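Residue numbers (our numbering), protein chains in the order written: chain R, 108 to 319; chain X, 108 to 319; chain S, 237 to 459; chain G, 237 to 459; chain E, -6 to 225.
Don't read these hints as lab results, they were simulated from the structure.
Don't take each hint at face value.
Stated by the list, open to error - Simulated pairs of lysine to aspartate or glutamate, EDC-like, Cα-Cα distance not exceeding 20 Å: (1) K143/R - E317/R; (2) K143/X - E272/R; (3) K143/R - E224/X; (4) K143/X - D270/R; (5) K285/X - E120/X; (6) K143/R - D312/R; (7) K38/E - E176/E; (8) K285/R - D133/R; (9) K143/X - D127/X; (10) K234/X - E221/X; (11) K285/R - E136/R; (12) K38/E - E179/E; (13) K285/X - D133/X; (14) K143/R - D270/X; (15) K157/E - D431/S; (16) K434/S - E160/E; (17) K234/R - D271/X; (18) K234/X - E120/R; (19) K143/X - E237/R; (20) K234/X - E224/X; (21) K143/X - D133/R; (22) K234/X - D253/S; (23) K157/E - E109/E; (24) K143/R - E136/X; (25) K206/E - E120/X; (26) K143/R - D297/X; (27) K234/R - E311/G; (28) K143/X - D271/R; (29) K143/X - E317/X; (30) K234/X - E311/S; (31) K143/R - D271/X; (32) K361/S - D427/S; (33) K143/R - E237/X; (34) K143/X - E136/R.
To be verified - Covered stretches of chain S, going by a simulated chain G footprint (3 or more residues, C-beta under 8 Å): (35) 290 to 303; (36) 397 to 410.
Unchecked claim - With beta-carbon atoms standing in for the labels, derived distance ranges: (37) L363/G - L96/E: 17 to 23 Å; (38) A134/X - D271/R: 29 to 35 Å; (39) F119/X - E224/R: 22 to 28 Å; (40) R178/R - G135/X: 55 to 61 Å.
Since this is a predicted model, take the numbers as computed values, not measurements.
Ideal Cβ positions, reconstructed from N, Cα and C, are used throughout, including at glycine.
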Amino acid sequence: MILSAANIGKRFEARWVLRDASLALDAGEVVLLAGKNGAGKTTLARILATLLEPDTGEIRFEGSALRGGRRDARRAIGFASHRPLLYLGLTPLENLTLFARLAGVSAPASRGAELLERLQMTPFARKPMERFSRGMVQRVSVARAFLGAPRLLLLDEPYAGLDDEGTAGVNALIQESKARGAATLVISHDRERLGALRTRLCVVDQGRVEAA
Amino acid sequence: MILSAANIGKRFEARWVLRDASLALDAGEVVLLAGKNGAGKTTLARILATLLEPDTGEIRFEGSALRGGRRDARRAIGFASHRPLLYLGLTPLENLTLFARLAGVSAPASRGAELLERLQMTPFARKPMERFSRGMVQRVSVARAFLGAPRLLLLDEPYAGLDDEGTAGVNALIQESKARGAATLVISHDRERLGALRTRLCVVDQGRVEAA
Amino acid sequence: MTLLTVALKDLQLHARDARFVATLFLFSASLVLILSVAFGPIFRNPAQEASATLWAALFFAGVLGLTRSLDLESESGGGDALRLTGADPYAVYLGKTIANVILLGGVFLLVLPIASVFFDVGNLKVLPGVLGVAALGVIGYAAWGTLFAAMARGLKARELLLSVLLFPSLVPLWIGAVKVTQALWAVGTADAVRDWIKVMVVSDILALALAAFLYELIQEASE
Amino acid sequence: MTLLTVALKDLQLHARDARFVATLFLFSASLVLILSVAFGPIFRNPAQEASATLWAALFFAGVLGLTRSLDLESESGGGDALRLTGADPYAVYLGKTIANVILLGGVFLLVLPIASVFFDVGNLKVLPGVLGVAALGVIGYAAWGTLFAAMARGLKARELLLSVLLFPSLVPLWIGAVKVTQALWAVGTADAVRDWIKVMVVSDILALALAAFLYELIQEASE
Amino acid sequence: MSVDLPRWTTGLGRALWAAALLMLAVSLWMILRAPVEAQMGIVQKIVYVHVPSAIVTLVAFGLTFAASIAYLTTRSWVWDAVAASACEVGLAFATVVMVTGPLWARSAWNTWWTWEPRLTTFLILWILYAGYHVVRASLHSSARRTVSSILGIVLFANLPIVWKSVEWWRGSLHPRNVTMTGEMRETLLVSMAAWFVFFAAAFLSRLRLEWAKEEDRGDTRVRHGAPGRVSA
Ligand code: HEM
Ligand SMILES: Nc1ncnc2c1ncn2[C@@H]1O[C@H](COP(=O)(O)OP(=O)(O)OP(=O)(O)O)[C@@H](O)[C@H]1O
Ligand SMILES: Nc1ncnc2c1ncn2[C@@H]1O[C@H](COP(=O)(O)OP(=O)(O)OP(=O)(O)O)[C@@H](O)[C@H]1O
Ligand SMILES: [Mg+2]
Ligand SMILES: [Mg+2]
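Could you put together the complete structure from these sequences and hints?
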């Protein structure tokens, strides 16, 4: 079991967005998480990524409790979300090299270049990202999540703004991590794009994660 | 002919993103515009919405030339894009009322409330938008485009982040404007979501708009 | 109509963000303190010291206030949406100017008693006069500020650029405000510095007139 | 390693935006201008006037510089991504502090000659002394500033909050810097104000030490 | 509008530079020969650089003003190029004033700087026009043109203030106008003429540079064989 989250609860002000949400991810699983707008998918993903503290519940990552401070856990988790999580003043290559280096990935620059190549972004690898189109930013943002060959992937709407080629590129990367034994959580409103990669479908509803 | 754009060219610094792009939209048409990431779809939409000046070419709206300053043309065009085009510090209802009032729509507050109802956002109509989820912001953003019952609709990835319910709501609104005789341009990477509403498919490629 | 709607919208956005208003006031108050510590009070000439401190504090606080208004416009594209409503650009400009006048006026009313107490200047008899100068100063500040803020829209390092362009352009207005306030506090009348009042009026009118011609162009300037 | 990477990244972001540096310079120049016009004629003591103006200008320029660094972190989530790399928080803090020291040091080096020329103070003999105080002042400013900036992250009206928080904590450092610089320019030695140098050293160390304990907590503080 | 760089400007540019160098040499020779001023001595010779660069600065910013208006009415990028070139060269001359002024003040008034109307207003002018370039550098394409023309117009309001500052405010230290006579005056006039030609040469070179940049983009346009206008 790579990740197990039990009875996660999170409230903003007085409103409980998540309540007793439980989810377990095994090696090689690719779980598609769906749910209505505002259901709490992004909130859950941010909690699992250690960016947000849950109010209740417990999360175990590879057997031990996951806390915001656990540096090696963070390095083993790849996360992409609605916000690009990049410095738009830098180029894609500079961004990926920076984050790879800080995460202790070996040969950071060539790892970054490799991922950009995989997502057809090589022609733009050395252009500042400020003026990139929506889909171009998204590709780099997803690439960031794969930098450290993570054992847990949390992809919050990875296909947002991507064309077919981009979608295929992302799916190929997911396929590889799956083959490597990583657990993957993909949040998407589109139930088709993940295709045959999907091993399970879950839905967030009324603050809980339900199998569907 | 509601809109006819001929030989539109646009360059950023030395790079021509659009070059001889031509597109005509007739009353009641719903055109789906696809194209790779970075092809120039958003740039074209911003030009048609009078937010950007083209470097070459001519645009005619309802027979007369479209210029950034033409106030009545702006009021007859509904535009939604990647950026929400809203004040996130205000509530959805305040936003819609504000823009409706400034655009000279009669009964601005009730028009805003009506659109929010259509997109299932009534429960959140009086909450500041700052902490909204991605899909909730998107719904309000699309609602803004429909405020003035526009005769030309330019929707740049209107489905981004929307769940099925949201997609259905947007499609119902498009269907109505179509029935009213409006021309609609929908930009999307997903060729299915627009469904049977679509009357034509175009693709932006190498700076030109091609029929497909 | 457009004018009022825009002014109300801006004020509403500021008011919603109570922290912003509170911080702006705290900031102006601490500016008065820090400037007093740095440059005085040596009470050689309290009227001048007080009026210089007062206006300097208002000045810096104003730049931050303007930057904030600007950020509210650009952060999620609200300003673009405003343009697309086809509303009259000059009415939009005036609406924004009015909102800024109210914001800066509030700061002035807060800083005035602090400076008065700290430097022991002013009395109720000259208060109307001081409020009059304040009105001239604040209107000019808001009018020029709103104009330049529109140009700084879309630039990185907005607040810096705003201060680089705005600071120098406001110097005449600013010297006028300092001199007139000082005269009122020192001798109770502004007769000796009547010319500076004219300078201020001209500066205010110039900004409002320039905007009438240029604001639409500025607003439509796109990449 | 982490430290250098982070410092380089910050500097790279600023350098990419070369205009930012130019603007910061122009901004400091106009600050000198406005402060001199406001307070200039009061004093017959150029050393005090010049050192107060110099440090006040540095102060305001610094707040804007820090805000800018902060915006770069939060505008598209880069700061969150930094956290997620699992890099050592204190090394991140030191890296950012170093980048800020270099930025503020640059501003100081630009404003110093301006102040010297405009107020006709200083000479080459006391230059090493002045640079020494400047180093103490700038390190303290950057150390406190980076700490508070991390706290202000995610808040609206950041620059305002930043200045409200920073002002009080920096007052001792700031008075020290003004006094020592003034003494160096007026009498050529800082012997009489030796205590203030100690105050500055203590303030610098305090900030760096506090950060060692608090920075991780601040960084992890989430909604 | 054609984007071809007019050929004749190449010749004109060379001629202007040649004339400028020649005239500067003549004026230098006259400066060396001119009588040394009784009170200030040799330092007073700064006047032959100081006054011409000050006048040229004002003329250059005036040209920026006129060209900015022309841009906003015609929307032809050429006017924008003229405005920007004049402004950049003008800023360089303003910097010369900012250097020669204090050098002179050091010996004339025994201080580098004083907050006196002419000096203060000129410093404001310098900062504002430096700001013009920063803004210009931060923007792209047509926004750059529109915004910098607007600045070129708005900032011009400062020129009369700088010019009249010595008359409007009492207690200004700075001389109101040229007081020299005879040989010194003639020398000044020749220097003035030389600096004007120097300005014209520098301005034209700068303008050609701007033109070439625009042409680069034009080339791209031609290569792809698209019709259309290049003026924004
Ligand atoms: C548009 C700006 C300026 C103009 C048109 C201008 C023009 C002049 C003129 C006509 C003179 C008198 C020459 C003579 O003795 O016949 C002069 C002198 C002088 N100027 Fe300027 N000037 C300008 C800016 C400045 C600035 C910025 C400084 C800065 C320090 C400066 C410093 C001086 C000094 C020190 C003198 C000599 C004063 C004396 O002889 O007592 N000027 N200038
Ligand atoms: N920081 C926050 N403060 C207050 N409320 C929040 C915050 N973040 C999220 N919320 C609220 O929590 C709810 C769930 O938000 P979340 O972003 O998790 O939804 P989601 O399932 O990702 O939706 P979408 O499909 O639209 O992306 C929403 O109602 C949102 O308004
Ligand atoms: N303001 C700008 N300055 C410079 N380049 C720009 C600007 N806006 C867009 N571009 C460039 O123009 C190209 C087209 O961008 P655009 O956003 O129109 O693409 P798009 O078709 O909408 O792509 P996507 O599917 O990713 O949204 C991209 O390469 C982008 O980098
Ligand atoms: Mg979400
Ligand atoms: Mg797009």
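These are the hints, each one checked on the structure:
1. K143/R - E317/R: 13 Å, holds
2. K143/X - E272/R: 8 Å, holds
3. K143/R - E224/X: 16 Å, holds
4. K143/X - D270/R: 6 Å, holds
5. K285/X - E120/X: 38 Å, violated
6. K143/R - D312/R: Since the Cα atoms of K143/R and D312/R sit roughly 8 Å apart, the hinted pair holds (cutoff 20 Å).
7. K38/E - E176/E: 13 Å, holds
8. K285/R - D133/R: With Cα atoms ~10 Å apart, K285/R and D133/R stay inside 20 Å; holds.
9. K143/X - D127/X: Given pair K143/X, D127/X holds - Cα atoms ~18 Å apart, limit 20 Å.
10. K234/X - E221/X: The given pair, whose Cα atoms are some 16 Å apart, holds under the 20 Å limit.
11. K285/R - E136/R: 7 Å, holds
12. K38/E - E179/E: 13 Å, holds
13. K285/X - D133/X: 10 Å, holds
14. K143/R - D270/X: 6 Å, holds
15. K157/E - D431/S: With a Cα-Cα distance of about 15 Å, the restraint between K157/E and D431/S holds, given a limit of 20 Å.
16. K434/S - E160/E: Holds - the C-alpha atoms of E160/E and K434/S are around 17 Å apart, at most 20 Å.
17. K234/R - D271/X: 36 Å, violated
18. K234/X - E120/R: With Cα atoms ~13 Å apart, K234/X and E120/R stay inside 20 Å; holds.
19. K143/X - E237/R: Holds, at roughly 19 Å.
20. K234/X - E224/X: 14 Å, holds
21. K143/X - D133/R: The hint is violated at about 35 Å.
22. K234/X - D253/S: With a Cα-Cα distance of about 14 Å, the restraint between K234/X and D253/S holds, given a limit of 20 Å.
23. K157/E - E109/E: 13 Å, holds
24. K143/R - E136/X: 30 Å, violated
25. K206/E - E120/X: 10 Å, holds
26. K143/R - D297/X: 19 Å, holds
27. K234/R - E311/G: Roughly 19 Å between the alpha carbons, so the hint for K234/R and E311/G holds.
28. K143/X - D271/R: 8 Å, holds
29. K143/X - E317/X: Judged against 20 Å, a Cα distance of about 13 Å means the pair holds.
30. K234/X - E311/S: Given that 20 Å is the threshold and the Cα spacing comes to 19 Å, the pair holds.
31. K143/R - D271/X: 8 Å, holds
32. K361/S - D427/S: This hinted pair holds, its Cα atoms lying about 15 Å apart.
33. K143/R - E237/X: Given pair K143/R, E237/X holds - Cα atoms ~19 Å apart, limit 20 Å.
34. K143/X - E136/R: Distance ~30 Å between K143/X and E136/R Cα, so the pair is violated.
35. 290 to 303: holds (count 6)
36. 397 to 410: holds (count 7)
37. L363/G - L96/E: 17 to 23 Å: For L96/E against L363/G, whose Cβ atoms are near 21 Å apart, the range 17 to 23 Å holds.
38. A134/X - D271/R: 29 to 35 Å: The hint (29 to 35 Å, Cβ to Cβ) holds, given that A134/X and D271/R are roughly 31 Å apart.
39. F119/X - E224/R: 22 to 28 Å: 24 Å, holds
40. R178/R - G135/X: 55 to 61 Å: At roughly 59 Å between Cβ atoms, G135/X and R178/R fall inside 55 to 61 Å, so the hint holds.
Of the numbered hints given earlier, the model fails hints 5, 17, 21, 24, 34; all others are met.
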